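All chains should be modelled from the sequences, with the hints used to inform the complete structure.
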Amino acid sequence: MATMFRWVAAGLVLAAGSAFARDAAQDVHSIARAEATLCDAYEANDADFFRDNLDDRYTRTDTKGVVTDRAHEIAAITRRDPVYAVFRKHDQTIRVYGDAAVVNGITTIQSHSGAMKFEGEFQYTDTWIHADGRWKLAASHTTLLRTRYADAATTH
Numbered sequence: 029m030a031t032m033f034r035w036v037a038a039g040l041v042l043a044a045g046s047a048f049a050r051d052a053a054q055d056v057h058s059i060a061r062a063e064a065t066l067c068d069a070y071e072a073n074d075a076d077f078f079r080d081n082l083d084d085r086y087t088r089t090d091t092k093g094v095v096t097d098r099a100h101e102i103a104a105i106t107r108r109d110p111v112y113a114v115f116r117k118h119d120q121t122i123r124v125y126g127d128a129a130v131v132n133g134i135t136t137i138q139s140h141s142g143a144m145k146f147e148g149e150f151q152y153t154d155t156w157i158h159a160d161g162r163w164k165l166a167a168s169h170t171t172l173l174r175t176r177y178a179d180a181a182t183t184h
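Take 29 as the starting number for the sequence shown in the working numbering and just add one per residue.
Keep in mind that the hints are not guaranteed to be accurate.
Claimed, not checked - DSSO-like mimics (lysine-lysine), calculated; alpha carbons at most 27 Å apart, straight line:
| id | residue 1 | residue 2 |
| --- | --- | --- |
| 1 | 117 | 92 |
| 2 | 145 | 117 |
| 3 | 92 | 145 |
| 4 | 164 | 117 |
| 5 | 164 | 92 |
No lab work stands behind these hints, which were simulated from the structure alone.
Computed from a predicted structure; not experimentally measured.
Written as structure tokens, this is what we have:
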């Protein structure tokens, strides 16, 4: 009888603990949705999205190895240069580790800056953290796969 009581008590403790834990499948879904919304925010030059969804200590490492911070990313979006016609992430793998998640995938971009058109594909890694009840982007790293430049004045 004492053994049975211990098993029942252990089951209640586990059940109570899991009631407060986040669901890993839901986390993956939330992060996939956040990644898609991030793409939309780049296309819309939505600086408010970046203010709300980048961690205060956010860093971005670009294809040349230059590391920038949250303020730099928001300033670039606010300037609206470059302008993104297409900013799409695909071929993603999302792994959740408790309050952190790592996303690997490819970003396809079509943009222009002044008269220069740019198309490219980039391998990326995004790191998300769960804090204050929500996911925020903490770091991004990008590696160039292939690009194409064209003079926007001569191409349509």
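Now for the hints, and whether the structure bears them out:
no.	hint	in the structure
1	117 / 92	holds, 20 Å
2	145 / 117	holds, 19 Å
3	92 / 145	holds, 19 Å
4	164 / 117	holds, 17 Å
5	164 / 92	holds, 24 Å
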